[in-house]
Structure formats: structure tokens, C-alpha cells
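Start from the sequences and build out the full structure, keeping to the hints where you can.
These are the residues of each chain, in order.
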Amino acid sequence: KQEVTQIPAALSVPEGENLVLNCSFTDSAIYNLQWFRQDPGKGLTSLLLIQSSQREQTSGRLNASLDKSSGRSTLYIAASQPGDSATYLCAVLYNFNKFYFGSGTKLNVKP
Amino acid sequence: NAGVTQTPKFQVLKTGQSMTLQCAQDMNHEYMSWYRQDPGMGLRLIHYSVGAGITDQGEVPNGYNVSRSTTEDFPLRLLSAAPSQTSVYFCASSFSQTMNTEAFFGQGTRLTVV
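Residue numbers (this note's numbering), protein chains in the order written: chain A, 1 to 111; chain B, 1 to 114.
Accuracy of the hints is not assured; some may be wrong.
What the hints assert, rightly or not - Chain A is faced by these chain B residues, among others (derived, beta-carbon under 7 Å):
# : residue
1 : 27
2 : 40
3 : 42
4 : 106
5 : 108
Stated by the list, open to error - Below are the DSS-like pairs computed for lysine-lysine, each with C-alpha atoms no more than 30 Å apart in a straight line:
#  : chain 1 : residue 1 : chain 2 : residue 2
6  : A       : 98        : A       : 42
7  : A       : 1         : A       : 42
8  : A       : 110       : A       : 42
9  : A       : 42        : B       : 14
10 : A       : 98        : A       : 68
11 : A       : 1         : A       : 106
12 : B       : 9         : A       : 68
13 : A       : 1         : A       : 68
14 : A       : 42        : A       : 106
15 : A       : 68        : B       : 14
16 : B       : 14        : A       : 1
17 : A       : 98        : A       : 1
Don't read these hints as lab results, they were simulated from the structure.
The beta carbon of each residue, even a glycine, is placed where N, CA and C say it ideally should be.
Printed below as a string of C-alpha cells:
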């Protein structure tokens, strides 16, 4: 059974810090991995998609890496801002469009 | 561009009642799916569809039915609501998996069964 784990479950940092969110998965036969952001009471917003053949993707202050062989992905957020406060979800895609989600990391960036 | 639209946004049901959660996408996506999100458990796949007329079960399908008569719509039916089905439900869609494109999610339906 595919399992996706996110560590830490919660993180509180002062504004301006660089931070790393971790995601690990048990089955390395993935199609791709996607990082999402979820604000309270809202839906999921896609941040970055890494295809199985890629090692990393960047968008603005966000950088996501993928190491399939070790079953790990990291989301790096540079120069964090209070507006980055949200829950970050890692989702691993296997065949037939089946996503397996981690439980998320709840990030609080303090002004 | 509407993207993925879910209705209703909120719903309260009594135990035993039935209802349909609506999901529509205007991106001509082949793949559509339903997830439920419960505290501390992440999102779990209920049912999915790889195209019109084709559906299959996900991780937690019991108590739910789906059908896909058109590319655009993928409704989720609760046959006889139970308190254990209190959750937030998300619909998602994407292009063919071989194109490796990202998934788009609706804003969710918050369901409470009393």
C-alpha cells in the first residue's frame, strides 16, 4: 500500500527564514509528485509539479526536489513571508490518476 | 475559465438521507476523481474516472456511487448518509496521465451528517 508521510506536521518560523518541508513515499513507481497549498476552509492550489524523470522544479521563492530512489521530496521556501502561512500538501501520483496525499505540514510565518 | 466547480459548498444531512455532490470542469479533462479530507488523515481517494462511461473505486468507496455520462460532469452520490461521512469532499480533474500535467481541484464541499 502506498503511503505518503510529511514531516514536520506543524512549523512556526519568524518572517524571513528559509525553510524546508519534507515528504517521503513508500512506493517509488510514481508518475509525478505535486505540492499543493491549502488555506483554511479553501481548496487546493497547485504550487509545483515534478515529473518522475525530473530532479527539481522552481517557481519564484519555491523550489521542489525529487529523489525517486530514496522516496523523498522536499519543498524549499526562501525568505518566508506571513502570506506563506497555510497547510502544504504533498501528493504522489501513481497509475490511473490515483493521488496519495500526505497529512500536510501546517506552516505559520510570524511577522 | 471556471476550472473545477463544486456545488454545494456546505450541506447538512440527517442520517439516512441521500444527496448528490456535483462536480463540473470546463477544461476537457479526461481524468476526474473524488477525495475526502478528514482531520489528520490527508485526502483519500473515493472514486475516479478515466473518461466518460468509465469509473472505478478508490481507497474508500463504501457508501458512495459515481457515474460519468459526460466528460464535464462527475457527480458523487451518497446513498444513505452516515455520521462517518462527515467530511470535506474535493473533486479533481486533469488531462491524460501520459501528458504528465497537473491536477486541478475544486473548492470543496463541507458535509455534516447529524
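Checked hints:
1. 27: 13 Å, violated
2. 40: 6 Å, holds
3. 42: Holds, about 4 Å.
4. 106: This hint holds: residue 106 of chain B lies near chain A, its Cβ roughly 6 Å from the closest one there, short of 7 Å.
5. 108: Residue 108 of chain B check passes; min Cβ-Cβ to chain A is 5 Å, inside 7 Å.
6. A:98 <-> A:42: At roughly 22 Å apart (the allowed maximum being 30 Å), residue 42 of chain A and residue 98 of chain A satisfy the hint.
7. A:1 <-> A:42: Holds, at about 29 Å.
8. A:110 <-> A:42: Status holds; Cα separation ~21 Å.
9. A:42 <-> B:14: With Cα atoms ~24 Å apart, residue 42 of chain A and residue 14 of chain B stay inside 30 Å; holds.
10. A:98 <-> A:68: Answer holds: residue 98 of chain A to residue 68 of chain A is near 17 Å, not above 30 Å.
11. A:1 <-> A:106: 25 Å, holds
12. B:9 <-> A:68: Violated, at roughly 37 Å.
13. A:1 <-> A:68: Satisfied, since the Cα-Cα distance of roughly 17 Å is no more than 30 Å.
14. A:42 <-> A:106: 14 Å, holds
15. A:68 <-> B:14: 45 Å, violated
16. B:14 <-> A:1: 34 Å, violated
17. A:98 <-> A:1: 12 Å, holds
Hints 1, 12, 15, 16 from the earlier list are contradicted by this structure; the remaining hints agree with it.
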